[in-house]
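Terminal number for the sequence shown in the working numbering: 168, no gaps in between.
These are calculated hints, taken from the structure and not from any lab test.
Quick reminder that beta carbons are idealized off the backbone N, C-alpha and C, glycines included.
If a hint is listed, it holds; no wrong ones were tucked in.
Computed Cβ-Cβ distance ranges for the label pairs, DEER-style: (1) Thr114 <-> Glu80: 27 to 35 Å; (2) Ile95 <-> Tyr128: 21 to 29 Å; (3) Met124 <-> Val89: 18 to 26 Å.
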Amino acid sequence: MAEAWIEAIGLLAGVVGIIAWIPQIIEVWRHKRHEGISLPTFAVVFVALSMWLLYGILVDSLAMIVANVMTLAVILTVIIGVVRARKSEQEGFAQ
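With these hints in hand, go ahead and build the complete structure from the sequences.
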């Protein structure tokens with residue numbers, strides 16, 4: 074019983090962490106604002122989260138697995154949005 078309660082806290086923490094990224098996703102995808110976003114930093118965060126995901130799998134922690142899969146998806150969404158916005162901006166300058 075106690076272990077399920079602990080995992081529930083971990084899942085809740087993961088959900089709250091993901092909600093924190095929503096404003097960034099909106100800025101990048103809806104408003105095409107990407108200034109100040111460092112892709113190398115996001116790449117390192119992506120690698121770190123991948124390692125945390127692997128750790129979660131190895132210790133069999135559902136909370137870590139779910140939270141890191143979801144956060145990886147969010148980080149990837151930001152990275153793709155920034156790359157698209159920057160590519161679109163460069164194409165606009167070329168014309």
